[in-house]
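J.: Residues per chain, in single letters:
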Amino acid sequence: MTLFRRLSRRMAPVLLASSVAIAPAALTSTVFAPSAFAQEKQDKEASLLAILAGDSAPAEKALACKQLAVHGSEASASALAKLLADPQLASWARIALEAIPGSAIDEALRKAAEPLEGDLLVGTLNSIGVRRDAGAVDLLAGHLAKAKAAPDAAAAAAVALGRIGNDDASKALRAALMAAEAPAAARSAIAEGCVLVAEQRLAGKKAVEAATLYDEVRQAEVPLPRRLEATRGAILARLAAGPDAETRQSAAMALLVEQLRSPETARFRLGLQVVREIQNASIAELLAAELERASGDRAPLVLLALADQAGPVALRAVRQAAESGKKELRVAALRSLGQVGDATCLDSLVANAADADAAVASAARSALVEISDPKVNDALVARLAKADAKSYPVLIEAIGERRIDAGPTLVAALDHPNAAVRAAALTALGNTVTPAKLPLLVAAAVKPKRAEDEPIALRALQTACVRMPDREACATTLAEAMDAGNVNTKVALLPVIAAVGGTRALAAVNAAAKSSDDKLQDASTRLLGEWSTIDAAPVLLDLSKSAPGEKYRTRALRGYIRIARQFVMPEPQRLEMCQQILAATSAKAERGMVLEILKRYPSVGTLQLASRLSDSADLKEDGRAAVVAIAQKLGTAGPQVLEALNKAGMEKAKVEIVKAQYGAGSSWKDVTAILRKQAGDSRLIILEGGVSNAGLGGDPAPGQVKQLKVQYRVNGKDAEASFAENSLVLLPQPK
Amino acid sequence: MPPKSSLMDRRRFLGAAAAGAAASAAFAAPTIVPSSALGRDGAVPPSERVVVGGIGIGNRGTYDLGCFLEQKDVQFVAVCDVKQSRRTAVKKIADQHHGNQDCQTYRDFRELLDRSDIDAVLIATGPNWHGAAAMYAAKAGKDMYCEKPCTKNIAQSLILKETMRRTGRVFQAGTQRRNLPHFAFACELARTGKLGKLTKVYAHPAGMQAMTSGWLPLETEPPKDVVDWNLYLGPAAWRPFNPKLLDGFNFEKGGGLVGGGVLEWGSHCVDLCQWAVNDCLPPVEYNPPVNGELVARYENGVQLIYREKGWIPLGSCPVRFEGENGWIETGDSGKFVLSSPELLAGRSVAEIGGYPATYHVRDFLDCVKSRRQPKGNADAACNAHIACHAANIALYLNRQVKFDNATNTFPGDEPANRLLGEALREPWRL
Numbered sequence: 001m002t003l004f005r006r007l008s009r010r011m012a013p014v015l016l017a018s019s020v021a022i023a024p025a026a027l028t029s030t031v032f033a034p035s036a037f038a039q040e041k042q043d044k045e046a047s048l049l050a051i052l053a054g055d056s057a058p059a060e061k062a063l064a065c066k067q068l069a070v071h072g073s074e075a076s077a078s079a080l081a082k083l084l085a086d087p088q089l090a091s092w093a094r095i096a097l098e099a100i101p102g103s104a105i106d107e108a109l110r111k112a113a114e115p116l117e118g119d120l121l122v123g124t125l126n127s128i129g130v131r132r133d134a135g136a137v138d139l140l141a142g143h144l145a146k147a148k149a150a151p152d153a154a155a156a157a158a159v160a161l162g163r164i165g166n167d168d169a170s171k172a173l174r175a176a177l178m179a180a181e182a183p184a185a186a187r188s189a190i191a192e193g194c195v196l197v198a199e200q201r202l203a204g205k206k207a208v209e210a211a212t213l214y215d216e217v218r219q220a221e222v223p224l225p226r227r228l229e230a231t232r233g234a235i236l237a238r239l240a241a242g243p244d245a246e247t248r249q250s251a252a253m254a255l256l257v258e259q260l261r262s263p264e265t266a267r268f269r270l271g272l273q274v275v276r277e278i279q280n281a282s283i284a285e286l287l288a289a290e291l292e293r294a295s296g297d298r299a300p301l302v303l304l305a306l307a308d309q310a311g312p313v314a315l316r317a318v319r320q321a322a323e324s325g326k327k328e329l330r331v332a333a334l335r336s337l338g339q340v341g342d343a344t345c346l347d348s349l350v351a352n353a354a355d356a357d358a359a360v361a362s363a364a365r366s367a368l369v370e371i372s373d374p375k376v377n378d379a380l381v382a383r384l385a386k387a388d389a390k391s392y393p394v395l396i397e398a399i400g401e402r403r404i405d406a407g408p409t410l411v412a413a414l415d416h417p418n419a420a421v422r423a424a425a426l427t428a429l430g431n432t433v434t435p436a437k438l439p440l441l442v443a444a445a446v447k448p449k450r451a452e453d454e455p456i457a458l459r460a461l462q463t464a465c466v467r468m469p470d471r472e473a474c475a476t477t478l479a480e481a482m483d484a485g486n487v488n489t490k491v492a493l494l495p496v497i498a499a500v501g502g503t504r505a506l507a508a509v510n511a512a513a514k515s516s517d518d519k520l521q522d523a524s525t526r527l528l529g530e531w532s533t534i535d536a537a538p539v540l541l542d543l544s545k546s547a548p549g550e551k552y553r554t555r556a557l558r559g560y561i562r563i564a565r566q567f568v569m570p571e572p573q574r575l576e577m578c579q580q581i582l583a584a585t586s587a588k589a590e591r592g593m594v595l596e597i598l599k600r601y602p603s604v605g606t607l608q609l610a611s612r613l614s615d616s617a618d619l620k621e622d623g624r625a626a627v628v629a630i631a632q633k634l635g636t637a638g639p640q641v642l643e644a645l646n647k648a649g650m651e652k653a654k655v656e657i658v659k660a661q662y663g664a665g666s667s668w669k670d671v672t673a674i675l676r677k678q679a680g681d682s683r684l685i686i687l688e689g690g691v692s693n694a695g696l697g698g699d700p701a702p703g704q705v706k707q708l709k710v711q712y713r714v715n716g717k718d719a720e721a722s723f724a725e726n727s728l729v730l731l732p733q734p735k
Numbered sequence: 001m002p003p004k005s006s007l008m009d010r011r012r013f014l015g016a017a018a019a020g021a022a023a024s025a026a027f028a029a030p031t032i033v034p035s036s037a038l039g040r041d042g043a044v045p046p047s048e049r050v051v052v053g054g055i056g057i058g059n060r061g062t063y064d065l066g067c068f069l070e071q072k073d074v075q076f077v078a079v080c081d082v083k084q085s086r087r088t089a090v091k092k093i094a095d096q097h098h099g100n101q102d103c104q105t106y107r108d109f110r111e112l113l114d115r116s117d118i119d120a121v122l123i124a125t126g127p128n129w130h131g132a133a134a135m136y137a138a139k140a141g142k143d144m145y146c147e148k149p150c151t152k153n154i155a156q157s158l159i160l161k162e163t164m165r166r167t168g169r170v171f172q173a174g175t176q177r178r179n180l181p182h183f184a185f186a187c188e189l190a191r192t193g194k195l196g197k198l199t200k201v202y203a204h205p206a207g208m209q210a211m212t213s214g215w216l217p218l219e220t221e222p223p224k225d226v227v228d229w230n231l232y233l234g235p236a237a238w239r240p241f242n243p244k245l246l247d248g249f250n251f252e253k254g255g256g257l258v259g260g261g262v263l264e265w266g267s268h269c270v271d272l273c274q275w276a277v278n279d280c281l282p283p284v285e286y287n288p289p290v291n292g293e294l295v296a297r298y299e300n301g302v303q304l305i306y307r308e309k310g311w312i313p314l315g316s317c318p319v320r321f322e323g324e325n326g327w328i329e330t331g332d333s334g335k336f337v338l339s340s341p342e343l344l345a346g347r348s349v350a351e352i353g354g355y356p357a358t359y360h361v362r363d364f365l366d367c368v369k370s371r372r373q374p375k376g377n378a379d380a381a382c383n384a385h386i387a388c389h390a391a392n393i394a395l396y397l398n399r400q401v402k403f404d405n406a407t408n409t410f411p412g413d414e415p416a417n418r419l420l421g422e423a424l425r426e427p428w429r430l
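Going down the list, the protein sequences come from chains S and U.
Here the numbering used here is used: position 395 in the first sequence is 395, and no number is missing along the way.
Here the numbering used here is used: position 87 in the second sequence is 87, and no number is missing along the way.
Note that these hints are calculated values from the structure, not bench results.
Computed from a prediction, not measured in an experiment: that's the story for all the values here.
One or more of the hints may lead you astray.
[What the hints assert, rightly or not] Simulated coverage check for chain U against chain S, where a stretch passes if three residues somewhere in it have a Cβ under 8 Å from a Cβ of chain S:
(1) 81–92
(2) 137–147
(3) 190–197
(4) 405–418
[As the list claims (entries may be wrong)] The calculated lysine-lysine pairs, modelled on DSSO-like cross-linking and capped at a C-alpha distance of 27 Å, are:
(5) U:K200 / S:K709
(6) U:K309 / S:K633
(7) U:K72 / S:K326
(8) S:K620 / S:K669
(9) U:K244 / S:K633
(10) S:K709 / S:K654
[Said to hold, decoys possible] Residues of chain S placed beyond 10 Å of chain U at every Cβ, according to the derived structure:
(11) T124
(12) K386
(13) K437
(14) Q580
All C-beta atoms, glycine included, are put in the ideal place defined by N, C-alpha and C.
Taking the hints into account, I'd like the entire structure generated from these sequences.
T.: Here you go:
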């Protein structure tokens with residue numbers, strides 16, 4: 001069995017079970033059983049080479065090349081290399097030639113390249129580059145020298161030399177770069193080759209040599225992207241360890257400054273990018289100096305690069321920009337203080353967070369939340385005691401956002417005359433309150449001193465409750481508050497306790513659903529219908545029978561159906577739930593929902609239940625459709641599947657098989673007679689052995705993934721379909 | 001003597017670059033204040049505009065394009081597609097949006113890349129072209145938002161990373177979930193130790209099936225101006241024209257013999273798992289699937305589990321992160337489930353379902369200007385894609401494979417090493 005088939009069976013039975021389109025995957029059959037890899041490799045290679053040598057169709061030869069990438073050895077070199085002159089097969093041959101190790105392959109590629117021209121030559125040179133064949137330098141250098149006559153081949157040779165990267169390759173590339181004779185396209189590739197060599201030198205700790213190469217490229221007449229790459233490399237190479245470090249580093253900084261001051265956007269951007277690749281204390285000083293002279297558009301970008309450096313120099317410059325820059329720069333600086341700032345920035349940030357300008361205020365508030373200095377939390381709380389009317393809400397909000405445990409201070413703020421302050425304090429408490437202090441928030445929510453605070457208090461309470469470590473204890477606190485409160489209090493607290501979840505919460509919501517108050521019944525059944533854990537199922541089932549009022553019984557049942565449809569559970573449990581739904585209702589809508597569940601989780605069990613449902617008059621059609629859908633997903637025609645399909649009463653139809661073929665690629669076998677023999681008065685055709693070699697009289701394409709393609713007629717209407725191996729032959733109803 | 005200096009290694013560079021933007025809030029307002037917010041009547045000065053072109057704009061690309069056009073600082077000036085109908089349709093959208101006729105159309109993306117006025121490109125071709133087009137764009141000096149899967153094999157993933165680094169480009173993979181609050185929150189819990197010592201991260205590959213494309217019989221080939229079959233094939237091995245292969249989405253998705261496998265969804269959900277493990281190097285060991293679970297192991301022992309079933313119904317692309325003290329599971333519904341509500345710690349996490357790409361596009365545009373690294377940067381994409389490709393190789397070989405992140409090979413495992421890369425059709429190269 002091929003691997004693809006095994007994978008298909010294991011991983012994608014649904015997708016391959018049936019299809020009306022012919023999958024364009026003729027070459028999937030190239031996949032082999034892995035266990036055969038070592039044992040059969042030699043024989044396999046011989047059979048593949050026989051295909052290449054024979055009169056097989058190009059498609060089969062292409063396929064053989066692809067297989068040789070896995071099974072071939074140096075013995076395949078000659079046969080594959082011959083194909084490099086074939087426009088249709090050269091690319092396939094190179095797949096194998098790039099994959100197979102060994103010097104014989106290198107030699108074959110070199111030899112094959114000699115007579116080639118145009119794209120075929122380019123492809124072969126590309127493969128030589130991928131293989132980094134040091135023995136090909138002379139060949140490649142020869143093509144470099146012919147750049148005027150054949151610029152594309154010269155370009156391929158240049159990049160190949162860059163990948164090889166030895167001294168001879170470097171010499172050839174540098175000579176070509178200096179010669180300035182090549183057309184523009186080739187010159188770009190020559191520069192690329194030089195940069196590739198330079199990258200190897202830099203990685204190999206030969207920074208001086210790398211810098212020389214980069215310099216030659218950046219000063220050459222080559223396209224701007226090549227010069228930019230070389231400039232980046234020239235800066236980094238000078239910063240690498242090596243002799244004359246001081247001189248080279250000074251030169252690197254000068255080159256970097258040149259980029260940052262360049263009127264060309266591309267160079268300015270290069271400078272910003274390179275500074276982020278350098279770990280050097282003087283970079284911050286350099287950027288701080290550049291920030292002072294940067295134009296309005298560029299200054300915020302330089303500032304961001306500076307902020308990414310962090311450290312005291314960056315902090316000083318960012319703070320200064322936050323206080324005195326233009327608005328765009330100030331906003332960027334204030335926000336960046338969240339990244340580089342410390343507690344000494346708080347005065348500025350608090351003041352700016354209360355600024356009338358929304359962009360300025362937002363940036364400062366964001367920084368107050370993000371600033372990471374551990375001294376900040378205490379400093380914020382300390383400031384609260386002497387805060388004025390403008391800064392007080394800012395501080396409260398920051399304390400809340402930072403989740404600083406400042407309980408007494410926040411509780412005191414709940415009595416503040418300013419509604420915004422009270423709201424900020426409530427929100428902050430929601431974020432920070434400890435379990436012991438939770439009743440404070442409960443009281444604020446159920447007995448607010450001012451009505452306008454109630455919704456905010458409820459939100460804060462919910463925020464606090466869902467993060468309580470002991471949710472059962474939290475739910476108990478809430479349940480007690482509900483018990484002590486009136487209906488409105490209960491209704492208000494129901495979403496909170498539902499968000500907490502757990503056993504106690506479920507019981508409290510269940511009790512509300514069973515109360516005599518319509519508001520409570522309404523709110524609680526809605527919440528139960530959205531419950532996020534499976535333990536709500538028995539509660540919902542019970543309510544579907546016992547809730548006061550048909551409306552809420554139906555709602556509860558639908559909540560139960562939702563759990564059966566969406567939650568992860570063992571198959572028997574889901575089937576049991578479906579049975580319970582059917583026992584609880586005779587309504588067509590809910591029973592139809594059961595069919596949807598059954599279709600969603602195909603198994604023999606769901607198939608049989610769907611079959612049973614198709615017995616009922618009102619669900620006959622839907623039930624039959626479900627049976628067919630499940631059977632198709634199951635993909636086999638076992639006795640239980642057949643029984644269900646038969647029981648579903650597959651409509652009798654006049655089925656004629658026009659033509660049937662079984663096979664793959666260019667190997668197909670006519671199986672019309674076999675299908676005609678089995679076709680009856682149903683669209684379901686039972687093949688003994690299924691869609692397989694056994695069921696269809698042999699293997700027309702050994703080692704390949706096959707299909708059954710059928711042209712047929714149902715009640716006079718023509719159609720065609722294809723079926724994967726081991727699938728159920730259920731002919732789709734023609735449209 | 002100047003202060004001692006050294007080159008910052010890539011991981012530290014990316015970490016430092018992302019620090020400001022990431023912080024704790026997934027949705028901090030853009031650091032660069034758009035001029036529209038500064039009372040300039042919504043006008044964006046030319047210096048703040050990002051000039052964008054599109055390469056391969058079909059269904060997904062049109063959605064992405066909409067996300068770009070929502071941004072006031074985007075000027076979309078050019079579209080390239082091998083299909084004439086798409087070129088025309090996209091030009092209409094762009095011209096209507098900008099109120100002009102300026103969007104130029106191209107059949108060959110190299111002509112679009114030659115334009116010096118274009119800063120960035122949106123690449124939404126189809127997986128066959130994503131990686132190669134991205135590298136051509138980088139060499140042309142363009143930044144890029146590149147749809148996923150971004151590469152076809154491990155070799156491409158590594159070259160992508162190195163090309164972006166060498167050319168100094170801003171690369172954003174189309175892994176938009178990195179800029180959605182629930183996924184960001186989940187990954188933050190995992191990364192910052194809130195779940196305790198991390199033990200397992202789960203991804204949903206949604207169908208571990210091979211999907212290589214074949215050689216179908218020749219059908220009548222349309223004129224090049226209508227459909228340029230040669231450019232459509234691009235780096236894929238040659239085969240005759242057949243319209244069944246023209247869907248782009250499934251054509252040569254994984255390349256090689258390994259096929260699509262876990263790549264289609266893995267490039268999202270495995271990518272999120274990589275984020276949860278702090279974008280470390282990919283797992284070093286991959287096992288063939290057992291009962292629908294393919295288990296990989298990171299160097300530090302954390303398991304990456306590609307799991308088909310057993311997910312809480314939270315929408316497509318679910319992920320789950322487990323530590324010694326807790327777990328979180330989330331998906332495309334925007335909702336998440338925690339082992340304990342305490343993990344929320346007073347946070348309010350915005351619920352954004354439907355995995356919009358708007359925030360991801362905004363992140364990209366900000367980084368084009370600032371030169372910070374976006375969330376779906378090339379290093380992150382490379383690691384996540386390698387984790388998918390290596391898993392596919394374990395699937396294909398149906399045995400354990402061990403990957404060495406130092407040499408980027410499977411040491412002593414020639415069959416696996418032969419699957420590291422695949423030749424590109426002439427004349428294309430990376």
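J.: Does U:K200 pair with S:K709 here, judged by a C-alpha cut-off of 27 Å?
T.: Roughly 44 Å between the alpha carbons, so the hint for U:K200 and S:K709 is violated.
J.: According to a criterion of three or more residues whose C-beta lies within less than 8 Å of a C-beta of chain S, is the region 405–418 of chain U covered?
T.: holds (count 3)
J.: Is the Cα-Cα distance between U:K309 and S:K633 27 Å or less?
T.: holds, 16 Å
J.: Does S:K386 clear chain U by more than 10 Å, comparing its Cβ with all Cβ atoms of that chain?
T.: holds, 26 Å
J.: Given as covered by chain S, does the region 190–197 of chain U meet the bar of three residues or more with CB within less than 8 Å?
T.: violated (count 0)
J.: Non-interface claim for S:K437: all C-beta distances to chain U beyond 10 Å?
T.: Holds, since 14 Å exceeds 10 Å.
J.: Given the hinted pair U:K244 and S:K633, is their Cα-Cα distance within 27 Å?
T.: Roughly 25 Å separates the two Cα atoms, so the pair holds.
J.: Taking the closest pair, is the beta carbon of S:T124 still more than 10 Å from chain U?
T.: violated, 8 Å
J.: Are the Cα atoms of S:K709 and S:K654 separated by 27 Å or less?
T.: This hinted pair holds, its Cα atoms lying about 19 Å apart.
J.: Are 3 or more residues of the region 137–147 of chain U near chain S, judged by a Cβ distance of less than 8 Å?
T.: holds (count 3)
J.: Check, residue by residue, whether the region 81–92 of chain U contains three or more positions whose beta-carbon lies closer than 8 Å to a beta-carbon of chain S, and give the verdict.
T.: Coverage by chain S is violated here, the residue count being 0 at a Cβ distance below 8 Å.
J.: Holds or violated: is the Cβ of S:Q580 farther than 10 Å from all Cβ atoms of chain U?
T.: holds, 20 Å
This entry does not satisfy hints 1, 3, 5, 8, 11, going by the numbered hints stated previously.
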